[in-house]
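Using the sequences and the hints given, assemble the complete structure.
In order, the protein sequences belong to chains A and B.
Using numbering that gives the first Met the number 0, you'd call the opening residue of the first sequence number 0 and step up by one each time.
Using numbering that gives the first Met the number 0, you'd call the opening residue of the second sequence number 0 and step up by one each time.
Each pair may be met inside one copy or between any two copies, as identical chains are not told apart.
Calculated lysine-lysine pairs in the DSS-like style (CA-CA distance at most 25 Å, straight line):
1) K188 - K1
2) K188 - K4
3) K188 - K298
4) K110 - K298
5) K66 - K84
Hints are computed from structural coordinates only; laboratory data are not their basis.
Protein chains: 2
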Amino acid sequence: MKEIKIHEVGLRDGLQMESEPVPTVTKEQWSEMLIDSGLDILQLGSFVNPAKVPQMADTDELFEYFKNSKKNRKTLLSCLVLNEKGLERAVNADADMICMGVSASETHSKKNTGMTTDEALERIIKMAIESTNLGKMVQVSVQSAFGCGFEGRISEEKVINIVRRYVDSGITNISLADTAGHAYPEQVKRLFSSILELSDKINLACHFHNTYGLGMANVYTAIENGVTYIETAFGGLGGCPFTKIAAGNVCTEDFIHSLHRNNIRKDINLEKIIAVSKYASGFFVKELPGLVYKTGGLKY
Amino acid sequence: MKEIKIHEVGLRDGLQMESEPVPTVTKEQWSEMLIDSGLDILQLGSFVNPAKVPQMADTDELFEYFKNSKKNRKTLLSCLVLNEKGLERAVNADADMICMGVSASETHSKKNTGMTTDEALERIIKMAIESTNLGKMVQVSVQSAFGCGFEGRISEEKVINIVRRYVDSGITNISLADTAGHAYPEQVKRLFSSILELSDKINLACHFHNTYGLGMANVYTAIENGVTYIETAFGGLGGCPFTKIAAGNVCTEDFIHSLHRNNIRKDINLEKIIAVSKYASGFFVKELPGLVYKTGGLKY
Numbered sequence: 000m001k002e003i004k005i006h007e008v009g010l011r012d013g014l015q016m017e018s019e020p021v022p023t024v025t026k027e028q029w030s031e032m033l034i035d036s037g038l039d040i041l042q043l044g045s046f047v048n049p050a051k052v053p054q055m056a057d058t059d060e061l062f063e064y065f066k067n068s069k070k071n072r073k074t075l076l077s078c079l080v081l082n083e084k085g086l087e088r089a090v091n092a093d094a095d096m097i098c099m100g101v102s103a104s105e106t107h108s109k110k111n112t113g114m115t116t117d118e119a120l121e122r123i124i125k126m127a128i129e130s131t132n133l134g135k136m137v138q139v140s141v142q143s144a145f146g147c148g149f150e151g152r153i154s155e156e157k158v159i160n161i162v163r164r165y166v167d168s169g170i171t172n173i174s175l176a177d178t179a180g181h182a183y184p185e186q187v188k189r190l191f192s193s194i195l196e197l198s199d200k201i202n203l204a205c206h207f208h209n210t211y212g213l214g215m216a217n218v219y220t221a222i223e224n225g226v227t228y229i230e231t232a233f234g235g236l237g238g239c240p241f242t243k244i245a246a247g248n249v250c251t252e253d254f255i256h257s258l259h260r261n262n263i264r265k266d267i268n269l270e271k272i273i274a275v276s277k278y279a280s281g282f283f284v285k286e287l288p289g290l291v292y293k294t295g296g297l298k299y
Numbered sequence: 000m001k002e003i004k005i006h007e008v009g010l011r012d013g014l015q016m017e018s019e020p021v022p023t024v025t026k027e028q029w030s031e032m033l034i035d036s037g038l039d040i041l042q043l044g045s046f047v048n049p050a051k052v053p054q055m056a057d058t059d060e061l062f063e064y065f066k067n068s069k070k071n072r073k074t075l076l077s078c079l080v081l082n083e084k085g086l087e088r089a090v091n092a093d094a095d096m097i098c099m100g101v102s103a104s105e106t107h108s109k110k111n112t113g114m115t116t117d118e119a120l121e122r123i124i125k126m127a128i129e130s131t132n133l134g135k136m137v138q139v140s141v142q143s144a145f146g147c148g149f150e151g152r153i154s155e156e157k158v159i160n161i162v163r164r165y166v167d168s169g170i171t172n173i174s175l176a177d178t179a180g181h182a183y184p185e186q187v188k189r190l191f192s193s194i195l196e197l198s199d200k201i202n203l204a205c206h207f208h209n210t211y212g213l214g215m216a217n218v219y220t221a222i223e224n225g226v227t228y229i230e231t232a233f234g235g236l237g238g239c240p241f242t243k244i245a246a247g248n249v250c251t252e253d254f255i256h257s258l259h260r261n262n263i264r265k266d267i268n269l270e271k272i273i274a275v276s277k278y279a280s281g282f283f284v285k286e287l288p289g290l291v292y293k294t295g296g297l298k299y
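Below, the structure is given as structure tokens:
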């Protein structure tokens, strides 16, 4: 197995679906514990309209909190932006990595941005190039890449064409996101292997939700097919607005536990991530979808 | 993907951990619904000491109930036996397929049978040959093949040697069971690919528990490495006595849903299995670990 990098998105994708607001000080504690675990990338939040997503209103503040510890930190701090305004805030916040993307679903794209996929793509590519020119590490994504809660099937050719446009624009950190959790292993294999044929410069990331029970199977299929950056959320938090039940992200500590079973990424401290999930489970007063924070990890 | 066969074990492995006894008439209804769905093999129960496992006390009665419908039934009815007494009952019950096995863990073997793995293996091989001579389809297994709740690591060489003894005795339907849920994808790949090198006559089956969140990932890795018979339980029922939380089997309807996504085994009726899980969820008055019975399946 190639080296696997973990991109923790629980503070963003995990929290934005929770109605109980998480105080900034609690987010700071969770972030510190996650950074302390040795995770590769931590997404602190998104720079979006606070009126629309109140859980993300303090993203600037969180970046400010971690500004001074930057040079002692191995973990990169990332954020998600949706538009130029968000990008400006991300640059001002001095985020290490800026994530942005388009939806392969026209309906999803229209609902989120008021634009067609093509229009949104033009804009995102411009933003990505601008960020790169400012010396920022950028990751672009294709949302709803494996299916859409509104439209159902998404053409694989369409997804590949979006990725081709990214690559042609010189952007090579590319994530495919299974926003609604529709992905299945054979599809994951087809899409990622087709994409790797486009260029050998691409760094592939994946982002799966466990709506139908396939999250972890899709992650392992992605790894088998060249993906190295895995986006997960502590506790398996998160949910997709297009399904009736809350279906979380693939769970960070469950995934890291599986890597440890295979003697990989032992540099990441599992216990520290488990502690965050236990804290979050207590905070939300509910059981989270993850398993290892309940069972504890195997010690051999 | 090769043809995949489903062996439903919820009525046995799913129920034996439940404290609420399921009336025989309810088991008959669930069995009829499962048979009706077109599943390949249905394990009706085990022939064990009713004093020790009260949930399995009515296995003879269940086989009796389905005796007359045998010739109109596509689904094979299987059972688990632990010893000669159980085997005699299974033969009398006219089970289509008889399952038996040994544990690769000495501690687990001693606790279950009072015998070492080697002693238990001799006995099981004798029983398997006897059953085959009686015209029965037999499946032998290696329990705790991927790790043990008591011992931790289980030597892969030991597992392979047990399988070699089975193969040398002419028994070729072989299942590896992850009794405690310790398996991880790379290990699954190593073990099954090593086993397939022993003989090209082996029909491989797998049985995974989701204790640490890897059940489905292990199933797909097993399929990639030559396994065709997948043992699952409706609703993801089941639990392993060696872990602190109830960790079920891989969920039948979640797995079948994933096959349908890939246009495979569309001959199996997903809705009928979902109906059983809903019924069972109501019966036990709890949420089961499966997801698709709650979300419904994707329709495209």
